[in-house]
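Participant: Please put together the full structure from these sequences, using the hints given.
Sequence order for the protein chains is A and B. Sequential numbering from 239 applies to the first sequence in my numbering. Sequential numbering from 29 applies to the second sequence in my numbering.
Quick caveat, the hints were computed from the structure, so don't treat them as lab data. It cannot be assumed that every hint is accurate.
Derived coverage of chain A by chain B (criterion: at least 3 residues anywhere in the stretch with Cβ under 8 Å from a Cβ of chain B; other residues may be distant) [what the hints assert, rightly or not]: (1) 245 to 255; (2) 282 to 288; (3) 336 to 349.
Cβ coordinates follow ideal geometry from the N, Cα and C atoms, glycine included.
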Amino acid sequence: GENVEQHPSTLSVQEGDSAVIKCTYSDSASNYFPWYKQELGKRPQLIIDIRSNVGEKKDQRIAVTLNKTAKHFSLHITETQPEDSAVYFCAAPRDTGRRALTFGSGTRLQVQP
Amino acid sequence: NAGVTQTPKFQVLKTGQSMTLQCAQDMNHNSMYWYRQDPGMGLRLIYYSASEGTTDKGEVPNGYNVSRLNKREFSLRLESAAPSQTSVYFCASSGKDGQETQYFGPGTRLLVL
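Facilitator: And the structure:
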């Protein structure tokens, strides 16, 4: 099965700075990599995902990059705002059947105003 | 559209008691999932159901059973609760398989004394 490692576990930035969270995965056949955001006391929600046929995807201030050779993908948040403060989870397909996901352990992002 | 709903929101059990967590979705999704979330450990998959009539074990299935009652409903049962099962439980659903957006319910906070 897939093994997903996520770093760092906590990240503190000043408002307006950029934040980068990195995940590595073990199964070279994996081809779908979503990122979820969970605000305090709320449910996780998808913010962006990338499939293996592209190397980068952007949506306003967030972007995800994928390096299939090195088996890692990263979430980039630019011009951070206090409302970006949350826990972010990466994920990858759990197995070759692609019927479920394995999640990383999460990164708590704190944006200081 | 209520999305994914879960009951109860909060439950206190004594060691050895049993209970069933209920989950329902109104998005006509094929796949449904049960996760537990513990501090610092991300979202760990307990069981999932790729389609009506099928269920599969996830990373941490011991001590749990599930039933995919119909396409809408997926329940999680604790037969004999243990303090180690104190956690927040999330149900989720996705349209086709694990490579589509997962929509999460609001969660059930379970405390086992």
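Participant: If you check each hint against the structure, which ones fail?
Facilitator: 1
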